[in-house]
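Asks: Spelled out, the chains give:
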Amino acid sequence: MQLISKKTLLAFFLPGALFMGVFMIYPIFKMAFDSLYSFDPSGIKEFVGLDNYIKAFTNESFLQPLKNTIVYIFIAVGVELILGTIFALIFERNFKGNKVIRSLIMTPLMIAPLVAGLIWKLMLSSQFGIINQLLVNVGILENSNQILWLADEKWSLLACCFADIWLTTPFMMLMILSGLQGVDRSMLEAATIDGANWWQKIIKVKLPSIKPVLLTALSIRIIDAARTFDIIWAMTQGGPNGSSELISVVIYKTLTRYNKVGYASAMALILVVALVVFTLVFMQGLWNPKKKQTV
Amino acid sequence: MKKKKINIHTKLIVVLAVVCAVVWLFPYIYLISSSLKPGTEVVSIPAKFFPTVFSVENFTGLFKRMPVFDYILNSFIVAISSTLIAVIFGALSSYAIQRSGAKIATFLIIIVLCLKMIPASSIAVPIYELITKLGLYDTRIALIIVYAAINMPFVMWVMLGFYEGIPTSIDEAACVDGASSLQTFIRIILPICKPGLATAFLFTLFLSWNEFLLSLLLTSTEAKTFTVGLSEFLSAYSMDLGPMCAGALIFSLPVMILSIAAQRFIVQGLTAGSVKS
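Each protein sequence line maps, in turn, to chains A and B.
Under UniProt numbering, the residues of the first sequence are numbered 1 to 295, in order.
Under UniProt numbering, the residues of the second sequence are numbered 1 to 277, in order.
Wrong hints could be hidden among the right ones.
As the list claims (entries may be wrong) - Derived DSBU-like pairs: lysine-lysine, alpha-carbon spacing no greater than 35 Å straight-line: (1) Lys6/A to Lys48/B; (2) Lys260/A to Lys45/A; (3) Lys6/A to Lys103/B; (4) Lys55/A to Lys116/B; (5) Lys7/A to Lys64/B; (6) Lys11/B to Lys7/A.
Think of the hints as simulated: they come from the structure by calculation, not from any bench.
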């Protein structure tokens with residue numbers, strides 16, 4: 001039975017669809033089209049077929065950022081997962097002031113990534129940065145110029161990860177905590193009766209039962225980390241020498257600095273396709289918990 | 001005996017919790033303390049954590065350096081308007097999708113999810129062209145409509161989850177009473193979805209307030225938002241880092257306060273579509 005008439009449904013649907021159609025779906029098709037052309041600085045465009053894609057996958061200008069992005073995801077999301085789990089296990093325990101301390105830790109949650117980047121840039125600065133000064137004070141470094149976090153190719157990407165980790169570990173903690181609170185109490189009691197210690201309980205009972213939550217949190221974070229732009233822009237703008245350049249940064253630079261619309265479109269489309277495929281695969285495996293329960 | 005052991009455990013946990021909190025708040029406290037230092041002390045070598053004297057020099061410096069109120073006003077107007085558009089149209093659209101009951105609904109839901117994943121950096125190129133062609137470059141309108149569009153999939157995703165939980169028998173009952181579809185939606189469905197609306201609204205508001213890349217690309221002087229204003233300190237000399245801290249603080253303080261006050265909704269927003277209740 002059709003409760004609401006088709007006309008009404010369409011009227012409800014269209015305004016929103018129009019917005020997304022114009023500013024999200026049309027751009028994707030436009031990019032797919034543009035990516036097949038090469039644009040002259042004078043505005044003349046020439047059909048080049050798949051050249052832009054071939055260029056992307058054979059040229060360091062895309063492969064390096066691609067590698068950086070993957071490294072960035074591994075480091076940032078990996079550390080966030082570990083720290084988030086530890087935090088969640090700490091805050092799972094009931095103690096006085098639990099909620100207050102938890103709220104304090106969650107304050108970075110909605111801070112603009114740009115601001116997070118700026119704060120960390122200030123803290124990691126080699127001469128007047130507080131981090132190096134602290135490291136000198138505790139005796140790890142001899143002088144504050146020893147590690148140039150933002151100016152050294154070895155460290156720049158890691159330095160950007162710090163800001164990301166600070167910003168989103170609270171999110172990991174929240175997700176995992178909500179999972180932990182849903183762990184079956186009777187299973188934990190059974191484990192206690194069987195003589196399991198706290199470590200065994202974590203490894204054998206808690207972590208396996210929150211696996212779906214862990215995987216979901218991971219997927220969300222991987223997608224987010226793959227799109228990081230603001231943090232990098234604030235801290236290094238991709239430098240030095242492209243060592244901290246992520247895909248989103250190189251797309252932006254290719255467009256604004258080099259004005260290569262075709263090449264930028266090709267790279268952007270690769271990123272979009274990768275993310276959409278990842279999302280769909282992740283959905284197949286996780287999104288439908290009902291299906292899993294019946295198996 | 002056993003009780004004592006548990007007590008020690010709990011104490012240890014509390015200590016750990018406090019250590020975590022201190023480490024996590026450190027960057028923020030450092031930002032606050034830096035913004036209250038005299039300008040020269042922000043870049044003093046060696047770095048000091050606390051200011052030796054309190055000073056509002058950085059704040060006056062900030063106001064001298066950029067039209068703070070204009071930027072805040074732009075950010076605020078753009079964030080509020082785009083959020084309202086996204087929430088109103090997003091709620092309507094997703095209701096239509098959810099209640100259409102057709103096979104096409106599943107397809108549309110997947111499209112919405114995919115759109116939610118698309119990074120702004122990747123579609124920035126055509127959006128820039130489109131806005132320029134429409135003659136909207138460097139206007140608030142441009143930012144409002146673009147933000148509304150890119151945040152709409154998120155709103156729809158949140159709302160879809162809520163509509164799913166409302167049995168169609170409620171729509172039917174209202175229909176029998178002679179209410180029009182729009183009346184049913186506004187008077188009956190939306191009130192049930194209040195928590196969802198709050199989540200969608202607050203979260204979208206934060207996203208728009210914090211947005212940087214598109215604003216950087218689509219504005220130059222008139223409609224410049226606060227994030228873009230802040231980013232201009234990046235190219236400045238280190239002497240300007242003090243005012244930068246002051247700016248970052250002014251910009252983030254409302255976000256911090258709001259996010260603590262509305263924590264429940266933020267948590268829901270962050271986990272939207274992942275933990276299906």
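Asks: So which of those numbered hints doesn't the model satisfy?
Replies: Violated hints: 1, 5 and 6; rest satisfied.
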